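Enquirer: The residues making up each chain are set out below.
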Amino acid sequence: MDHSSDIRATFFQECEELVEALNDGLNEIDETIEDGLAEPETVNAVFRAVHSIKGGAGAFKLETLVRFAHHFETTLDALRAGRIQPDAALLLLFHRAADHLSDLLAAARDGVDPDPEGGAELISLLAALTGADEEESSEGEAEDFGFVPLTLSFESEPAATGSGCYEILFSPTRALYANGHDPSVLFRVLGDLGQVKARLDRSRLPAFAALDWQESWLDWTLTLTTDEPEHQIDEVFEFVDGLCTLEIRALDEAPPGLPLLPDPEPAVTVDAEPRPQAPPPKPRPPEGEDSAEKKAAAPRATVRVELDRVDRLINVVGELVINQAMLSQCVQDAGIPTRSAVRSGLDDFKSLAREIQESVMAIRAQAIKPLFQRMSRIAREASDIAGKQVRLVTEGEATEVDKTVIERLADPLTHMIRNAVDHGIEPAEARRAAGKPETGCITLSAAHRSGRVLIEVADDGGGINRPKVKQIAAGKGLIAQDAELSDAEIDMLLFLPGFSTSTVVSDLSGRGVGMDVVKSAIQALGGRVSISSTPGQGTVFSISLPLTLAVLDGMVVDVAGQTMVVPITAIVETLRPQPQDVHFLGSGAQVVTIRGAFVPIIDLGAAFGHRPPVRDFSQRVLMLVENEQQRQCALVVDAIFDQRQVVIKGMENGYGRIPGIAAATILGDGRIALIIDPDEAVGNVSGLGDP
Amino acid sequence: MTLTVLAIDDSRTIRELLKEALLQAGFEVHLAIDGLDGLEKLEGLAPDVVITDINMPRMDGFGFIKAVRDKGTHSALPIIVLTTESAADLKARAREAGATAWIVKPFDEVKLVSALRRVTAA
Chain X
29 MDHSSDIRAT FFQECEELVE ALNDGLNEID ETIEDGLAEP ETVNAVFRAV
79 HSIKGGAGAF KLETLVRFAH HFETTLDALR AGRIQPDAAL LLLFHRAADH
129 LSDLLAAARD GVDPDPEGGA ELISLLAALT GADEEESSEG EAEDFGFVPL
179 TLSFESEPAA TGSGCYEILF SPTRALYANG HDPSVLFRVL GDLGQVKARL
229 DRSRLPAFAA LDWQESWLDW TLTLTTDEPE HQIDEVFEFV DGLCTLEIRA
279 LDEAPPGLPL LPDPEPAVTV DAEPRPQAPP PKPRPPEGED SAEKKAAAPR
329 ATVRVELDRV DRLINVVGEL VINQAMLSQC VQDAGIPTRS AVRSGLDDFK
379 SLAREIQESV MAIRAQAIKP LFQRMSRIAR EASDIAGKQV RLVTEGEATE
429 VDKTVIERLA DPLTHMIRNA VDHGIEPAEA RRAAGKPETG CITLSAAHRS
479 GRVLIEVADD GGGINRPKVK QIAAGKGLIA QDAELSDAEI DMLLFLPGFS
529 TSTVVSDLSG RGVGMDVVKS AIQALGGRVS ISSTPGQGTV FSISLPLTLA
579 VLDGMVVDVA GQTMVVPITA IVETLRPQPQ DVHFLGSGAQ VVTIRGAFVP
629 IIDLGAAFGH RPPVRDFSQR VLMLVENEQQ RQCALVVDAI FDQRQVVIKG
679 MENGYGRIPG IAAATILGDG RIALIIDPDE AVGNVSGLGD P
Chain A
344 MTLTVLAIDD SRTIRELLKE ALLQAGFEVH LAIDGLDGLE KLEGLAPDVV
394 ITDINMPRMD GFGFIKAVRD KGTHSALPII VLTTESAADL KARAREAGAT
444 AWIVKPFDEV KLVSALRRVT AA
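Each protein sequence line maps, in turn, to chains X and A. Sequential numbering of the first sequence, starting at 29, is according to this note's numbering. Sequential numbering of the second sequence, starting at 344, is according to this note's numbering.
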């Protein structure tokens with residue numbers, strides 16, 4: 029089938045959503061677990077997710093997946109039916125099963141053979157819970173999932189046994205027709221079993237005038253000669269049971285030319301329950317108004333589009349913004365008055381372009397939730413290995429972030445979570461001794477804050493052991509033995525390349541990947557990472573990211589004849605300093621007093637090597653910028669041209685990372701301007717930024 | 344004559360598989376994502392046959408079948424249950440609700456189509 033690969037892609041995409049729903053449901057059950065109760069709606073949703081994965085996997089003959097999903101589903105069904113009680117251990121098993129299911133899906137998608145070991149262990153654990161299914165779960169019966177390739181109620185596999193002749197009296201009620209049945213169809217199916225003769229009895233049919241067209245007036249007497257066993261006949265009529273009067277009796281010999289009259293005592297009556305050994309009925313959750321209301325949120329209509337197309341659109345819109353800026357420049361250069369139609373038309377154009385751009389950016393934005401869900405798993409695995417009890421709480425999962433940012437955030441975040449489990453949370457004894465609950469808590473949160481996305485990983489562990497950090501840094505020659513460092517400066521040592529506090533290389537964090545890698549990954553996204561830690565209470569790592577990687581609002585400034593852009597989000601205020609406010613320090617450094625506080629001055633022109641440091645600020649502007657730690661510094665610029673939206677053009681591919689420069693942009697007049705990274709500028713003052 | 348089929352399943356994958364198989368067989372195909380959606384779609388439609396899943400959010404297959412039979416606007420409409428379940432009690436429930444037949448997933452395209460042609464007596 030031409031479309032099979034498309035449908036396959038749909039399947040894996042849908043499974044991603046189902047795994048998300050599955051994890052959501054399990055987390056929800058986690059929250060109510062203390063009462064020993066699980067919301068039936070939630071259990072049902074979890075069950076349905078696994079069930080749907082199984083159904084789809086079956087269609088693609090992914091047998092390992094079907095097999096595992098089947099066992100998972102069976103155990104969930106037992107929970108749903110109240111045969112097993114939810115507790116923390118069960119939920120942990122379910123979480124692990126969900127993780128394994130997601131691994132199997134990934135393996136199936138990539139065409140890799142899944143690891144059979146993990147599955148076997150989980151399957152035996154799951155099967156042990158349902159008891160009754162233990163035999164079914166034995167290795168030998170891998171094929172038996174309780175499905176038959178196809179059983180249509182009236183379509184039967186031929187069987188070798190039995191040979192005989194049957195007379196069937198068939199008298200439909202009106203309900204049989206109402207349920208979509210058609211006697212002729214039944215007869216034809218019966219014909220598959222052998223030779224059928226039908227005789228119509230229309231003796232009950234009234235005169236046309238008295239005819240109720242919806243009523244059933246016709247009866248049939250059928251004779252069937254077949255080699256099939258009798259239960260095959262029952263199966264043909266399985267779905268009309270209760271909708272007709274049916275009598276089946278075996279005849280001793282082949283029928284004579286004329287069918288016999290019906291016997292007053294029918295020999296066989298079709299049993300309403302063809303399989304009495306069926307499992308007990310599964311109670312369903314109540315389908316009351318309330319629950320229906322709650323779940324009635326119909327999925328929003330969506331269109332799936334290839335990412336390439338979106339990116340192409342974003343690129344073109346980026347060009348549009350540049351083009352609009354160029355046009356504005358031309359109009360201004362041409363001296364067209366502000367109140368002209370051209371100007372006002374151009375203003376409309378500008379706001380429209382901006383609106384288009386924001387809408388396009390929104391297409392790329394996605395909720396951060398799937399990423400957070402992955403982190404739940406990381407935390408679970410990490411705490412297993414570390415032998416610690418850790419709970420991961422997530423907040424702000426609905427926060428929308430650019431898709432690329434989400435993708436590229438996975439690795440650093442994984443490392444930070446592992447780090448928090450490994451180094452942040454203390455062992456249980458230490459926690460007990462400190463009067464804390466034994467189970468450590470890591471909070472992973474996301475929020476929009478002033479045009480950026482703030483992601484925090486907070487643990488309630490022992491906080492950073494600063495004397496130890498300093499000692500290690502000194503031992504490794506990262507700082508001077510006698511260096512005087514503030515607490516914040518000591519914390520930032522964690523981000524230095526080659527720093528690792530773990531004396532033993534542990535299974536988790538000590539894989540040669542340090543926090544420096546985390547920092548550079550975040551920086552590559554235009555983000556910043558910072559630490560705050562309180563001894564005995566825990567540590568918070570904060571990541572601040574731009575909403576989009578494509579545009580930013582910037583202040584276009586002149587620095588020693590160079591046009592540069594300072595991101596608006598970093599700018600606190602601009603000021604023209606009075607000479608008496610500027611102070612010169614011995615080392616050649618300068619500070620400015622702003623409302624009683626001393627703020628270091630950075631002359632961008634000098635920092636980038638365009639000119640020697642200036643000492644006269646009377647004709648210049650100080651631009652007060654702030655980094656994530658609320659540390660400020662004043663950038664010296666010669667003039668401010670304009671505030672505008674600029675399209676970010678990365679330079680790292682061509683030039684590598686340039687300290688102090690975040691990226692470049694193309695201005696309205698076609699010139700290239702560098703975008704300043706204010707955080708690094710501030711960091712440089714502290715002496716701890718990148719060299 | 345082109346047969347019109349309404350197929351109801353909450354799984355996008357199954358919907359697409361059904362759609363593909365049924366289009367290939369020359370049916371006119373309409374899709375719905377759950378029982379409620381199925382009922383709504385049925386409003387303006389006179390399909391020759393309906394295929395429905397059982398386990399769906401908002402309104403399951405039983406609820407859908409019962410609602411169709413209770414409304415009576417589409418009486419004599421064959422409704423085929425297509426599900427991974429094969430438990431007898433579920434079959435019995437479907438029958439009581441008014442299902443016309445029961446097919447177990449994963450379905451074989453050829454057999455599905457022949458089953459559809461059968462129930463519609465086409």
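Please keep in mind that the hints were generated in silico from the structure rather than gathered at the bench. For clarity, every value in this text was computed on a predicted model and none was experimentally measured. Treat each hint with caution, since some may be false.
Said to hold, decoys possible - Covered stretches of chain X (in silico footprint by chain A; criterion: 3 or more residues with CB under 8 Å from a CB of chain A, positions within the stretch not fixed): (1) 80–89; (2) 265–275; (3) 573–587.
Claimed, not checked - Derived DSS-like pairs (lysine-lysine); straight-line CA-CA distance at most 27 Å: (4) K378/X / K397/X; (5) K362/A / K225/X; (6) K362/A / K89/X; (7) K89/X / K454/A.
From the three backbone atoms N, C-alpha and C, an ideal C-beta is built for every residue, glycine too.
Enquirer: Any hints from earlier that this structure breaks? Give me their numbers in increasing order, please.
Expert: 3, 4, 5
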